[in-house]
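Line by line, the protein sequences are chains A and B.
To convert, take the position in the first sequence, counting from 1, and add 73; that gives my numbering.
To convert, take the position in the second sequence, counting from 1, and add 12; that gives my numbering.
Calculated directly from the structure, the hints in this document are not laboratory data.
Remember, predicted model here, so these are calculated numbers, not experimental data.
Treat each hint with caution, since some may be false.
Simulated coverage check for chain B against chain A, where a stretch passes if three residues somewhere in it have a Cβ under 8 angstroms from a Cβ of chain A [as the list claims (entries may be wrong)]: (1) 20-31; (2) 40-51; (3) 95-104.
Covered, in the sense of this in silico footprint (three residues per stretch, anywhere, with C-beta under 8 angstroms from a C-beta of chain B), are these stretches of chain A [unchecked claim]: (4) 87-100; (5) 118-127; (6) 227-241.
Don't be surprised by glycine CBs; every beta carbon is placed ideally from N, CA and C.
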Amino acid sequence: MSGGEPTARRDIVELMRHAAQVGLYTNLITSGIGVDDAKLDALIEAGCDHIQLSMQGADEGITQRVGGYRGGFEKKQAFARAVVATGVPLTLNAVIHRMNIHQVPEMIEKAVEFGAKRLEIAHTQYYGWALKNRAQLMPAREDVDRTIEEVETARERLKGTLVIDAVFPDYYARYPKTCNGGWGTRTFSVTPAGKVLPCHAAETITHLDFWNVRDHSLAETWYDGPAFTAYRGTSWMQEPCRSCERKHVDFGGCRCQALALTGDAAATDPVCIKSPLHESIGAMATTESAVTEPGAATYRGFRAG
Amino acid sequence: MTEGVNRISDDAVPTLPRGVKFREDKARGRYVLLGPERIFEADAIATEILKRVDGVTTFKAILTQLTEMFTADEATIRPDVESLLVDLSDKQMVTL
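Let's have the full structure, built from the sequences with the hints guiding it.
Shown next, in the form of structure tokens:
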């Protein structure tokens, strides 16, 4: 149950109960802001298996600066402790960028202190609002390399106490992300409006036709929905993907990123070393991360810019 | 961990912690261990081990059952069962 903020939905407890009853593994992904104990208890009673709490930093200052909510860190800390007290496993998801990358060790310590079972050190992926703010968010390569070492060391030290999963910015990578194990192969999302998406970012590919749960069953949508068949398998691929030995490994990378950065959703994800744009993507990240005064960030609002 | 030394005591009771579920995935004809943002596909042997991780059966009893089922020596199968359970314990998918 993801969002936006899923607990803002009036029927979230009902949705949770139904998902649990049909045998799904249920995971609530929340900011923890505005979820009181009664709502938390109701969600857990309804069958919530796991809770994931977002974290913007290891202290009040950075949490408020990124989240735009005064007292956010205090609230998140209280929510984390409330979840841990129920016995439901808690994951903290820390989204990392150049404003908080120096706090990775402290965030690891906070995760232990709060009693989380798992921590995601999730470097920002550049879609939507993050893409608009890339120059403000892109960390320097050497800072990314340092966090990789910090995570490795902490992982070994905290074995059995805290599981740490890490995702790094793919602009600095050699090969692209694997597109959810293949487009339309493993995952789908249902939006609050009922549209069924192959991944949560897929609506950025605006020419796709997303079927709605009100009009088609999930099975029909999965097998025959045009948004699912568009990039499923490998027949849509162009060169260099078409003849690539890795085409069943990473499936050409991310379609949303291909569109955002090349203008063609069927292009090779340009972070791939085989893309003609690979070097310019790395150079762009290096240049943007080196700007000392990147200007003001554009915050998320209700009217998409 | 030292080779040749028992890594799990006989009277330990392997348990699936809250938030971890062992389920039959009928559509794909397999068993899976589900946890927070994780899915482990269990092979035939892992399936037989995990079916016995019920929070009641001791490690020794699990070994005895598996020894009978696979008609193998306990000394032969013990390291494999320990490796699987210790690995899952490090990942917080099993408590020992």
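Please write out, lowest number first, the hints stated earlier that are contradicted by the structure. none
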